[in-house]
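Student: Residues per chain are reported as follows:
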Amino acid sequence: MLAENNPTVHQVSPKQKTSWFKESWISPLALLPSMAAIIIFIYVFIGFSFWVSISNWRTLKQDLTLRDPLLATYGDLIRTPRFQADLRNTLVFTIIFITLAIIVGLGLAILLEKKIVGKGFFRNIILFPYALSFIVTGVAWRWIFNPETGINLFFDLFGINSILTQAGMEPLKPKWTTNPDVWFQINGILEQIFPAAGNIFVKLGIPAALIPVAIAATWQLSGFVMAMYIGGLGTVSQEVREAARIDGATEWQVYRKVVIPMLRPITISVFVILLHVSLKIFDLIFAMSGVGPGFATDVPAIFVFEIMFKATRYNLGSAAAIVMLILVAIIIVPYLISTLRED
Amino acid sequence: MGNQRSPIKVGNAVTIAFLLLITLFYLMPLYVMVVNGLKDAQSVSLSTMWNLPSSLSLGGFAEAWERLSPNMRNSFTMVIPATILSSLVGAINGYLFAKWKFPGSDILFTVMLFGFFIPYQAILLPMVQFLQYIGVYGTVWGLILVHVVYGLPVTTLIFRNFFAQVPKEMFEAARVDGANIFTTFTHIMLPLSIPSFVVVGIFQFTNIWNEFLFAVTVVPNPQSQPITVALNNLSGSFSVDWNVVMAGAVVAALPTIVVYIFLGRYFVEGLMAGSIKG
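Residue numbers (the numbering used here), protein chains in the order written: chain A, 27 to 369; chain B, 161 to 438.
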């Protein structure tokens, strides 16, 4: 663009012209090693995993002959009660975790965007868990939600349990991650509508043990959500808010009708990122609760890991991994394509 | 104005009190780890988890350090080269994708970026076989390799976003002065991008240090495992006292805590840059 305004630049010598031509090839050539690595380590490897998932390889001995029918392993997978529980858990965990993380993160961002003493201190403390390993935090949360200690000690310390026992009630002692209950079961209703739901071998509902896990995940990622929203709030000018206030909007309406709708792009980014974290969640649950009672806190990521590397049922594990990939791709591919178009 | 001041102050006091409560919640796990790590093996008990130690004991930390320090060394041996390499290659890629576009380069970038989002379970088995085939399975070299390759999408993304913001005029001026694709990079772009290197470096350091799935699948030998795996083993072991596990969690988190305390500003920038779209 600059060259157009500057006629002298047009007088490029022939020698430079050829170097321009050559230079245009350098970029793709220099990107070649990285692209080759990505193609192999991502796309070729995914292709191989898919091949294994349709093969007969189900013991330590490698067997890449194809199964007949081809997708039989996927049929096995969908009929595996543990995997059914995993899909249920992923759905329930995702809904609870994303809802909590967005509400908490947005709320904190709104509080901490204002002029408040110690704003930086609060922000730093809230974001701090994001810098820690899920294994570290999983180890700590495992004890905080242990029924014999942690949170449950508060019910004694604050005298709640002595009040309850005096009133002739049971003392409060939730089982947290060791609770096998599944709340709000809908199997019966579902079977009346879809007879095929009779093939669902797990209790469809909210596994109680997942709630502490979702709290721990929210604790760890809400700071990230907050940081994203604080960045976004900075772009919503004070003039816009002031204009709404002059029009008679209450503070609540300013946020609900003006600010939060303007944060839509941030909300979409946050949602996509939290969703892919949630679909892939592994370390936190692995360290905090493991698979849980009756697979109440098991997730596909742990299923793949254990079925492949402990049970050595490679085709079943690979099929589950491909299902995970498809779930993530359904969210991510449209997101990536839309950002590419915007560019 | 004078009338408005006092309700605002009261509102602020309520907000601050509320935020202090929130702070307690966010510090709770760290409190549990530090306080119980500082108790001795006799006085650490489930029923007194929230109590401060009656007498400070470094025994838990000493034992945790003895058990975990070899793995901490493994983590450093892995994380330093992996961070440097993935940042450098990411800088080159980001420069080319931002300033030397060619037909299809945006599509290639998207193809690369998809790698950031995939669940690694979908590549784990062929990756392990490939590492076995080239002879680096079970070694820190294998871990460095996978962290560099799987780190490329995000390091490239952050640097591409950074270089895209460098004014076109600056780039064109360098071209007019006769700088070629390499010298523009080394003389103009690289010096400009030093803050980005800090951001990407911290981002990669934290991610790779905290990573668990590759660590546990690529290296089966406990002696060679990174610290996240060693901590998980320590926590699952019944022969280890609870104060040691808690002290171990602090030890394993220490490098990232130090980075966060001293370079927190860059940490925030990194996670924004790594998450806001390209």
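It cannot be assumed that every hint is accurate.
In silico BS3-like cross-links for lysine-lysine, where the CA-CA straight-line distance does not exceed 27 Å [said to hold, decoys possible]: (1) K259/B to K328/B; (2) K199/A to K229/A; (3) K229/A to K259/B; (4) K145/A to K48/A; (5) K48/A to K141/A; (6) K229/A to K328/B; (7) K328/B to K261/B; (8) K336/A to K229/A; (9) K259/B to K140/A.
Because the hints were derived from the structure by calculation, they are not lab data.
Student: Could you run down the list of hints and mark each one as holding or not?
Tutor: Evaluated hints:
Between K259/B and K328/B the CA atoms are separated by roughly 9 Å; this keeps the pair inside 27 Å, and the hint holds. Straight-line distance between C-alpha atoms of K199/A and K229/A comes to about 24 Å, which keeps the hinted pair within the 27 Å bound. Our distance criterion of 27 Å between C-alpha atoms is broken by K229/A and K259/B, whose separation comes to about 55 Å. As the CA atoms of K145/A and K48/A are separated by approximately 54 Å, the hinted pair breaks the 27 Å bound.
Among the hinted pairs, K48/A with K141/A is inconsistent with the structure: their alpha-carbon atoms are about 55 Å apart, more than 27 Å. About 59 Å separates the Cα atoms of K229/A and K328/B, which puts this hinted pair outside 27 Å; it is violated. Our distance criterion of 27 Å between C-alpha atoms is met by K328/B and K261/B, whose separation comes to about 13 Å. Between K336/A and K229/A, the direct Cα distance comes to roughly 26 Å. Compliance with the 27 Å bound is thereby established for this hinted pair.
Pair hint K259/B plus K140/A does not hold up; C-alpha atoms about 39 Å apart against a cutoff of 27 Å.
Violated hints, listed in ascending order, are 3, 4, 5, 6 and 9; each of the other numbered hints is respected by the structure.
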